[in-house]
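Please work from the sequences and hints to get the whole structure.
Residue numbers (my numbering), protein chains in the order written: chain A, 1 to 523; chain B, 524 to 829; chain C, 830 to 1187.
Note that these hints are calculated values from the structure, not bench results.
Yeah, the Cβ is synthetic: ideal placement off N, Cα and C, and Gly gets one too.
Don't take each hint at face value.
With a cut-off of at most 30 angstroms between alpha-carbon atoms, the simulated DSS-like pairs for lysine-lysine come out as follows [stated by the list, open to error]:
id	chain 1	residue 1	chain 2	residue 2
1	C	K950	C	K940
2	C	K1095	B	K657
3	C	K1013	C	K979
4	C	K1072	C	K1134
5	C	K1153	C	K1165
6	C	K1095	C	K1013
7	C	K1072	B	K657
8	A	K128	A	K76
9	C	K937	C	K950
10	A	K379	A	K407
11	C	K1140	C	K1153
12	B	K682	A	K128
13	A	K397	A	K380
14	A	K83	B	K708
15	B	K682	A	K83
Selected chain A positions facing chain B (in silico; Cβ < 10 angstroms) [to be verified]:
id	residue
16	A38
17	S65
18	F103
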Amino acid sequence: MAGNEQVNTNANQPPLLETKGITKIFGELYANNSVDFAIQEGEIHALLGENGAGKSTLVKILFGSLQQSAGEVFWKGQEVHVKSPSEARALGIGMVFQHFSLFEALTVAENIALSFDAGVELSDVSEKARSLSAQYGLPLDPDALVGDLSVGQRQRIEIIRCLMQDPALIILDEPTSVLTPQEADTLFETLFRLREEGRSILYISHRLEEVQRLCSAATIMRHGEVVDSCDPREETAGSLASKMVGADVEGIEHKTAGKTGDVVLALNNLSMGTSHPFAVALKNISLEVRQGEVVCIAGIAGNGQGELFEAISGEDRQDDPNQVVIRGTDAGYMSISQRRNLGASFVPEERLGHGAVPEMSLTDNMLLARHASDASEFKKMGRLNVIAQSAIVAATKRVNEVMDVRKSAEDPPAGALSGGNLQKFIVGRELDRNPSFMLVNQPTWGVDAGAAAHIRQSLLNLAASGSAVLVISQDLDEIFEIATSIAVMADGHMFSPQPAADMNREKIGLLMASSGGNEGQAA
Amino acid sequence: MDVWASIILSVCAASTPLLIAATGELVVERSGVLNLGVEGMMIMGAVAAFATAQVTGNPYFGAVAAIIVGAAFSLLFAFLTLTLVANQVATGLALTILGLGLSGMIGESFVGHPGVRMEAINIPLLSDIPVIGKIIFGQDLIFYVSIALLAGVAWFLFKTRAGLMLRSVGDSHNSAHALGIQVIKIRYMAILFGGACAGLAGGHLSLVYVPQWVEGMTAGRGWIALALVVFASWRPGRLLIGAYLFGAVTIGQFHAQAVGVPIPAQFLTSLPYLATIVVLVLIARNRRLTMINTPAALGTSFVPDR
Amino acid sequence: MKKTLFALAASVAVMLSGQALADGHAKTKACFIYIGPTGDFGWTYQHDQGRLAVEAAFGDKVETAYLENVPESAEAQRPIEAFARNGCNIIFTTSFNYMDPTNKAAKKHPKVKFEHATGFKRESPNVSTYSSKFYQGRYVQGQIAASISKTGVAGYIASFPIPEVVRGINAFILGAQSVNPDYKLKVVWVSTWFDPPKEADAAKALIDQGVDIITQHTDSTAAMQVASERGIKAFGQASDMIKFGPNTQLTAIIDDWAPYYVERVKAVIDGTWETQDVWHGMDHGSVVMAPYTNMPDDVAALATKTAAAIKDGSLEPFTGPVTKQDGTVWLKDGEKSDIGTLLGMNFYVKGVDDKLPQ
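Pasting the structure below:
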């Protein structure tokens, strides 16, 4: 890893890219408000900010996917109007998207060819992709079908696709969110190499540790505005975080549960076949979660975590009732509601569509989730099952207060809430039942720092009060923050939990990548 | 041996309208749009072809009119589903119902008149070759167009950049949009092409198959074309096989009856749909086949970022 | 859906004209319910010709109205009753499955006369049923076919295996056998009354299988066009299809409802209408042969003679000896079939090269 010396020292040279007063208005919302910033040549520049701070809007404007409402963009000192991504590419701006803009049904070469303008032969593309991937240590088969590739390999396509254009500026949007620590290291080496070639990189992230390691300059955004710029190497993680959030982030308070109690959830050699073509089979998973414990399951997305969630929650039932035991009861044949009635609670990964119905109001979502498990509270008149609207409204209000859910209306549709607030509502809806066991998949995925802290704290509190908590997460920072013990999933296998104190990033990373060999350790 | 040539010619006639309509729909679906209005566009093409041929006396003008009317009718679907982002399934069904009614109204004064037939092109000498002569060199122009169209579509989809772009839009319109591909424009063009094909298929019915106009004369052939696209798992080569298989079964059942092998007509009517279900089950069991062939964005509306 | 809309729109129109009637015109109003469009050039077209004949016969004394594309289901009830409520004095319902709706409406509107075509239920004294002996024409066609056929096989495009259709097939082969005892008939069932491309396919298949005469019991002109294209001969169905095959059509059975409709409307005007069940044939002029064309004079002369014999009652097509397809004797020499067997006919006679679908 080369040092982070600033390459550009020539003060007379205009910045590679500069924006002045960029403003973008969606309806009444200022997604960007008078954004001024500049990237020098040969610089890795961080764009920091919480979700919804306006980072994505800004880069979409730079890349021509969106048009600004006001303001100018200067490229090498000249004002430019970037009307489309292809114009951006023609200028020398390349972009690696956070959610890959790849086509699963097409080959690697076809995917790359699509980003070129007409007149490029597919065979030439294949050849060039092959040589570039060798040159930058990013092995890729141009004839492979994208749908067959892992997430890390797909990111390589994005990067190669970008490099094919020989860009002067590369924009990377949250590139490491889907990678193992080892894969991330490989990526960083590629980025340093690119910088040495004199290219500039705009690096969007909220992972402060990475930013400090990579970047020599940082622009920090909050609520659509640039609030600060700094050299991240001279900052601490804490100071960067407070610049991002605007206030000191509330620390997590560990209430020591002290003793762990009875086993609340037990998985006994849980195996599940694949129910659809894209599923991962679960292989012989055994696990115990006790009262007072927070067990976290780490792993890269798509290694069976979703399937494990569905198996435990009862979305997929088991062949043997003994494979899932909740509070001493064999629950393998039970439905979701029956499992919930045993005192279990489940918070799925997707907030919209799985955890909540976007078009329905919060009270309706409350009823949907708890009509069976809280029948006595939410229904009245015996077998007529008339909805007890006032009880539901009261429960919703209670949850909103406890979890500090901020909303624009009294009872808005779930889809109108921001990600963080909706997640707080959904977690709170389950916590409100005082569950003896709670399973949460990705509790703070795409949630701003404030809400994330709130949610993590409430999970810790639940464990401290004597419940068992099982968390599935890809965010290692989060796992180290809340876990009492850590398990790792890879390719449908589970490495049994170890005390959090005995684990570190390297160990977890090796376990993540260890099995199946579907993601070779390209270094 | 002339009998066999004649049977094969009958099969070609039965298969051609299905093949043309299905080829158009295949392109539409490859771009990620599901247009269930094939039957409606087809019957509009049929009435336009008949009326134009009747008035001008020239069946080729009729065919051109069918193409134009089919495309114009599909433009309505494109505007509703792409520009106004209406639900594709509901709009497609509405298009079929509208087409059946409107064509009946337009065609009322043409009922009961023998039409102008598009005669076979008989290439001298070559079409006199026994058996194959008539089949290869002695059919109507629309038959040759149907084969050329299919070959052209196969080449376009898999050998040209524009075809690649169209497939990419059908796979993920969001990704395509992020790359700067004009999703809406491509889909407009695909829908127009599909409409033109459905129109021509209808024209074949009223110019070649049975040169007359009667209300509802497509009799469900648009739906069979839709089923064939799925049967072919969105691949042009299999479309050819599917259309001709169906044509052969249609003609074959009458021959079977005539020589005394009774096959229930209801079974044969349902055969294309049964075959489609079987194919769907088969490809759904194989993740790669599903991924490669099925347009992932099929039937979903695209709303670009503001 | 569309048909329902048609029916609704039309019933509104009827109501309006009904009000006009209430102004005190002393006209007799005759109304017609049709299964298809009046332009189908077949079944419904011929019924509409009958309606026009009524108008021509009585001029100012009558008024007529009709509804087309009325589905053969419970949906038919509403338009029939709308007619009854809105001043129609006599209502003709012209398809078999209007039977129950017609009888229901008749009970509710005892002053209105109802005439149901091809049915058999007369549940109240204001309902009559009527039909025509189309099979008489089929017999003549069979004679013509056997006289001019070179291959010795005719093809028959059939819709559904109901007695009406089976009767036609049997009459055709009996007529043919009266000329050539070895004459054969191939039958193809298409399971539809009206699907021009399918009818064309069936015709093509029959021709490829060696028939040189096509006859049909389906309603479109598609088969006539195919026969014309392939240069063989064919018979028209329900109406004169000579336009679709000027060098092809031998003759056609024309359903002529005009005499019956005129007679029944007159009975209403005169106040002499009574319930009845009629099955008229050539004798009443309700089954008419189109001109004999595209055949030698001697064959035309034979056909003319046979038709005349049927008309004056000296010849009945179903007269023994007749053997069933399975070889058992149906009618002994000189024996005539009873009406019940004819109305419920569910077997082939000898010479039909097909197995009757059950």
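Verification of the supplied hints:
1. Using a Cα cut-off of 30 angstroms, the hinted pair K950/C and K940/C holds, with the two alpha carbons roughly 18 angstroms apart.
2. The suggested pairing of K1095/C with K657/B is violated, with an alpha-carbon distance near 60 angstroms, which exceeds 30 angstroms.
3. Proximity of K1013/C to K979/C is assessed by CA-CA distance (about 12 angstroms); at most 30 angstroms being required, the pair is judged to hold.
4. Between K1072/C and K1134/C the alpha-carbon distance is near 26 angstroms, which keeps this suggested pair within the 30 angstroms criterion.
5. Between the alpha carbons of K1153/C and K1165/C the distance comes to roughly 14 angstroms, so the proposed pair stays at or under 30 angstroms and holds.
6. Distance check on the hinted pair: K1095/C and K1013/C sit about 45 angstroms apart at the alpha-carbon level, beyond 30 angstroms; violated.
7. Distance restraint check for K1072/C and K657/B: the Cα-Cα separation of roughly 28 angstroms lies within the 30 angstroms cut-off, and the hinted pair is therefore satisfied.
8. The suggested pairing of K128/A with K76/A holds, with an alpha-carbon distance near 28 angstroms, which does not exceed 30 angstroms.
9. For the hint linking K937/C to K950/C, the alpha-carbon distance of about 16 angstroms falls within 30 angstroms, and the restraint holds.
10. This hinted pair checks out: K379/A and K407/A have alpha carbons roughly 26 angstroms apart, not beyond 30 angstroms.
11. Simply put, K1140/C and K1153/C have alpha-carbon atoms about 26 angstroms apart, close enough for the 30 angstroms limit, and the pair holds.
12. At roughly 19 angstroms between alpha-carbon atoms, K682/B and K128/A fall within 30 angstroms of each other, so this suggested pair holds.
13. Among the hinted pairs, K397/A with K380/A is consistent with the structure: their alpha-carbon atoms are about 20 angstroms apart, no more than 30 angstroms.
14. For the suggested pair K83/A and K708/B, the alpha carbons sit about 17 angstroms apart, so the restraint of at most 30 angstroms is met.
15. Proposed proximity of K682/B and K83/A is supported: the alpha carbons are some 29 angstroms apart, at most 30 angstroms.
16. The interface hint given for A38/A is broken, as the beta carbon of that residue sits about 25 angstroms from the closest beta carbon of chain B, more than 10 angstroms.
17. Taking 10 angstroms as the C-beta contact cut-off toward chain B, the hint placing S65/A at the interface holds, the least distance being around 6 angstroms.
18. Interface restraint check for F103/A: the shortest CB-CB distance to chain B comes to about 4 angstroms, inside 10 angstroms, so the restraint holds.
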